[in-house]
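Visitor: Listed below are the residues making up each chain.
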Amino acid sequence: MPYRRRSKTSGFLSKTLKLVVLLALLGLSGKYLYKQYICFNPDKILSESVLKEKTFAVKPVEVVSPKYKIKAYLIEEKTAPIISFSFMFKGAGRASEDKDKQGISGVTAAMLTEGTRNLTSQEFKEKLENYAIGISFSSGLDDFSGSMITTSEHQEQAYALLKDVLLHPRFAEEDLTRTKLQLQKAFLLQKEHPQSILNLNFAEYLYQDHPYGRNPLGKWEDISKFNAQDLMNFMQTHLSQNNLLIGVSGDISAESLGHVLDNVFGSLPKNTAIGFVRNPEIDFKMADKNIDFAAGGQNITRFAAKGVSRNDEDFYPLYVANHIFGGSGLSSRLSKAAREEKGLTYSIYSYMSLADKSPLLQGGFSSTADKYAEVKNILQQVWNEFGQKGASDEEVKNAKEYLLSSYNLRFASVANLSEILLFMQKDNLGLDFLQKRNTYIQNISTKKVNEAAKKYFTPNGYISVNIGSFAKN
Amino acid sequence: MVNIKNIIFLGLFACLLSQPVQAKLFGAKSFTLDNGLQVVVAENHKAPIVKYMLWYKAGAVDEPNGKGGTAHLLEHLMFRGTSKVSGAMFDDVLKKNGVESNAFTSLDFTAYHHVLDISKLELVMALEADRMENLQITPENFSLERDIVYQERKQVVDNNPSAPFTESYRKILWQEHPYNRSVSGTENEIKSLTLEDVQNFYNGFYSPDNAILVLAGDIDFQTAQVLAQKYYGEIKKRPLAAKAKFSKIKPAMQSKLEMTLPQINTPRLIKTYIAPSFNTDKNAIYDLTVFSKYLGEGETSELYKDLVLKQKKTISVSSSYDYTSRSYGLFSISALPADGVSPQELEQAIDASVQKALREMNIDKINNTKEKMLSGLVYLQDNPFDAADTLGVMSAVGMSVADIENHAEHIKQVKYQDIKETATKMLSQTFVATGILNPKGEN
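As given, the protein sequences belong to chains A and B, one line each in that order. Mapped onto our numbering, the consecutive letters of the first sequence carry residue numbers 1322 to 1794. Mapped onto our numbering, the consecutive letters of the second sequence carry residue numbers 9 to 451.
Wrong hints could be hidden among the right ones.
Chain B is faced by these chain A residues, among others (derived, beta-carbon under 8 Å) [to be verified]:
1. Val1371
2. Glu1374
3. Ala1401
4. Tyr1452
5. Ala1453
6. Leu1509
7. Gly1617
8. Gln1619
9. Leu1651
10. Arg1660
11. Ser1688
12. Asn1719
13. Ser1727
14. Leu1730
15. Ala1733
16. Ser1734
Straight-line C-alpha distance at most 20 Å; calculated SDA-like pairs for lysine to any residue [claimed, not checked]:
17. Lys1375(A) - Gln230(B)
18. Lys1373(A) - His53(B)
19. Lys1365(A) - Lys92(B)
20. Lys1663(A) - Glu148(B)
21. Lys1697(A) - Ala1608(A)
22. Lys313(B) - Asn1451(A)
23. Lys1375(A) - Ser1727(A)
Keep in mind that the hints were calculated from the coordinates and are not lab data. It should be emphasised that the depicted structure is a prediction, and the values quoted were computed from it without experimental measurement. Beta carbons: idealized from backbone N, C-alpha and C, even for Gly.
Full structure from sequences and hints, please.
Guide: Shown next, in the form of structure tokens:
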């Protein structure tokens, strides 16, 4: 009944004005209240949060053993009564294998947990399980790595077993035969899944006759002939104090660690005789290789371009650039363009790989054959545009915030910690790296990121290898 | 956003080794809000970080027939925004704050998880609580995510050359039971899903009294209580939709699947017994946990010693047991036959070897097995992210914090005679399915 009310009212205009002013005030405060209390406001939540930022306080120290001067980085960490060792023999990985001994590092790694001079394979494994000790070895592209985890309670047994393994591995005929048979199956399994077939072809196409192009399992013709002496030769020439790096974390003091280092690693040979591994020569102009494979659900692509080593001055700018281009999560440029906005793929990504002789900027995606060409075009467009125009200030700011805020996530377990300490040494990052790392990130400017984008995301400057069903033209 | 079926628990307890029995496994504590949300907290102050998991006790088994993939598609759409927070904003805010977020759907559950710096906890709580009640699914986002889960199925399932075998095997194992489903849904099911299907699932199951929040890391119990109340306390429960009805499995039946696939290069064999779980027979689960370890977990187990080392019929054999499910559990034995040994011959050898292990089981052997299982439990105090995974799956099947924390005590108390009885009963009186996958050109 608006008419009646209005007709009763004198001074209608002034009343209306008052109402308008009142409503406007209400509206303004309402908008403020809405923004402040009803609408989602991340900054307000964070500023009022009861849990504030803390730094991860534990600092690494360098331990030098009293007798043999063996070095290790240590983080003493007592949350749980456990100790983790990560160590590597630098340069003793697969790329260092002789041409007719392909697979020797992997077979040696497998055989090192098959007993010692005094313990059969079964006796050795029983001891590991009874004392809850984990010992394992693996051969990477560049380095030969080992790890040991033990409870504080059984650490003496753990050190004794590790020492025994490194000095007096058993390498029994029977265990070697079994290991070979397992590898023989691994060669068969390796050629079933299209992703795995692609990985083999990718390395071969990229590196050709360089050792990086070899099958990571080795060569069956070589492996089938290995004997215990071959394995011993590999150890004597590749595993020494000279190329040994060690990271330790957990419930152990610097002083105790010094003695453990002497005891466990002190009897290793002083020097290695590892052959020189040359740098591969790759021309990163757009090249495409298709492998026909009808059985899979999708076509799969892997791509690679020139990258940078960990100590290169372009490392951090490219690290930030890569995060924006194709780094983890759904908000990278690649993910937004191909997945979030078009629904053409479940995953598309890029990452930096740091092989000693061939650091790369790599990535991949998979998509059904009907959508595949479109994703491939998107990759090319996003790549070229990123190289030419670079990233915005906002993107760089967000990427840096991510890299800073997610930093502490890597300190979840003592095994992670000892692994980080190991790589700090491999990459010569310095003992104070954990304290300095965030400053390195903070100091990266948009300009630096975009210079890196221009330098590394060159027009069509990547090689891609693809597997699946391709339209013939 | 991957599909897993309780892989976490198996990984932890099967691989980790131990130390004289301790009272504390994770040192977890639990409380429940008035609206029914259960909260489980495990403190670990090593680093200023936390794992945040929100488990909904609804998964693929709760989908209507023919609507396979609904739970999983909803999981994806939970990242596409609410009436308060747009999807792009959700992702941008989390990323900017260094939060690693993901989710998975299994037959029994759907879980959303984040690892984050402790200073960002309230932000994640606000976002996760918001999408418990305010999810907004637009038709555009619906059709985009349906395309994405289709691609996901193609990548994760169909790219795998043994997928047709795995999918058929699940069917012959579970027959009419809802565990016969594929979490991703079949291609046709995915394509036929509607926005309404997904919305109904959300409305029916994403209620606080059907959820568990797990926090593991640098947070104390009191703060967790205050914050849980602040962000989740006001959320009203909604009437729950009807959950899956689990049909009874007929005991002492067998089924068999033999398949030849073109891209397969070497044969494999799997035998699976439909076994007791925490929800079908609590009393049996620790017997079978110890039995599986004794029988076939690791390279000092009976099957490994007999079939790999002595008889050389296989190059690898292992058993596994999973009791963390809403319906039945699973006891499996899988193996790769050695060259010149047919899968059929290996199956016979396995059966004989299992019987032999059962016969030769004695108190000393079982004590040694238990010792191995107990000596490494202290490792569970190390990584808060792993702690959250294990606490989550165990809580989600209905285990209390006391049940979980007393794991060592349960293992200690298992008696040799009970193991023998329970294992004999499972091996002779439950449903078993044998699967043989052959490479082309062999039978």
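Visitor: Now tell me if each hint is right for this structure.
Guide: These are the hints, each one checked on the structure:
1. With its C-beta approaching chain B no nearer than about 7 Å, Val1371(A) sits inside the 8 Å limit, and its interface hint holds.
2. Among the interface hints, the one on Glu1374(A) holds; its C-beta lies about 4 Å from the nearest C-beta in chain B, closer than the 8 Å criterion.
3. Interface restraint check: Ala1401(A) against chain B, minimum CB-CB distance 4 Å, threshold 8 Å, status holds.
4. Given the 8 Å rule on beta carbons, the hint for Tyr1452(A) holds: about 6 Å separates it from the nearest Cβ of chain B.
5. Because the beta carbon of Ala1453(A) sits about 3 Å from the nearest beta carbon in chain B, less than 8 Å, this interface hint is met.
6. The restraint placing Leu1509(A) at the interface with chain B holds, with a minimum CB-CB distance near 4 Å, inside the 8 Å limit.
7. The beta carbon of Gly1617(A) is positioned within 8 Å of a beta carbon in chain B (closest approach about 5 Å), and the interface hint is therefore held.
8. With a least beta-carbon distance of about 5 Å to chain B, the hint placing Gln1619(A) at the interface is held under the 8 Å criterion.
9. Given hint, Leu1651(A) at the interface with chain B, holds; its Cβ is 5 Å from that chain's nearest Cβ, closer than 8 Å.
10. The beta carbon of Arg1660(A) is positioned within 8 Å of a beta carbon in chain B (closest approach about 6 Å), and the interface hint is therefore held.
11. The criterion of a C-beta within 8 Å of any C-beta in chain B is met by Ser1688(A), whose closest approach is roughly 6 Å, and the hint holds.
12. A hinted interface residue such as Asn1719(A) counts as satisfied when its beta carbon comes closer than 8 Å to some beta carbon of chain B; here the least separation is about 5 Å, so the hint holds.
13. The interface hint given for Ser1727(A) is met, as the beta carbon of that residue sits about 3 Å from the closest beta carbon of chain B, less than 8 Å.
14. Interface hint at Leu1730(A): satisfied, since its Cβ lies 5 Å from the closest Cβ of chain B, which is below the 8 Å cut-off.
15. Restraint check, Ala1733(A) versus chain B: the minimum CB separation of about 5 Å is within 8 Å; hint holds.
16. A cut of 8 Å between beta carbons decides the hint on Ser1734(A): the least distance to chain B is about 4 Å, and the hint holds.
17. Taken as a hint, the Lys1375(A) and Gln230(B) pair is honoured in the structure, with Cα atoms around 19 Å apart against an allowance of 20 Å.
18. Annotation: proposed proximity of Lys1373(A) to His53(B) holds, straight-line Cα distance about 14 Å (limit 20 Å).
19. Among the hinted pairs, Lys1365(A) with Lys92(B) is consistent with the structure: their alpha-carbon atoms are about 15 Å apart, no more than 20 Å.
20. Annotation: proposed proximity of Lys1663(A) to Glu148(B) holds, straight-line Cα distance about 10 Å (limit 20 Å).
21. At roughly 13 Å between alpha-carbon atoms, Lys1697(A) and Ala1608(A) fall within 20 Å of each other, so this suggested pair holds.
22. Between Lys313(B) and Asn1451(A) the CA atoms are separated by roughly 17 Å; this keeps the pair inside 20 Å, and the hint holds.
23. Between Lys1375(A) and Ser1727(A), the direct Cα distance comes to roughly 13 Å. Compliance with the 20 Å bound is thereby established for this hinted pair.
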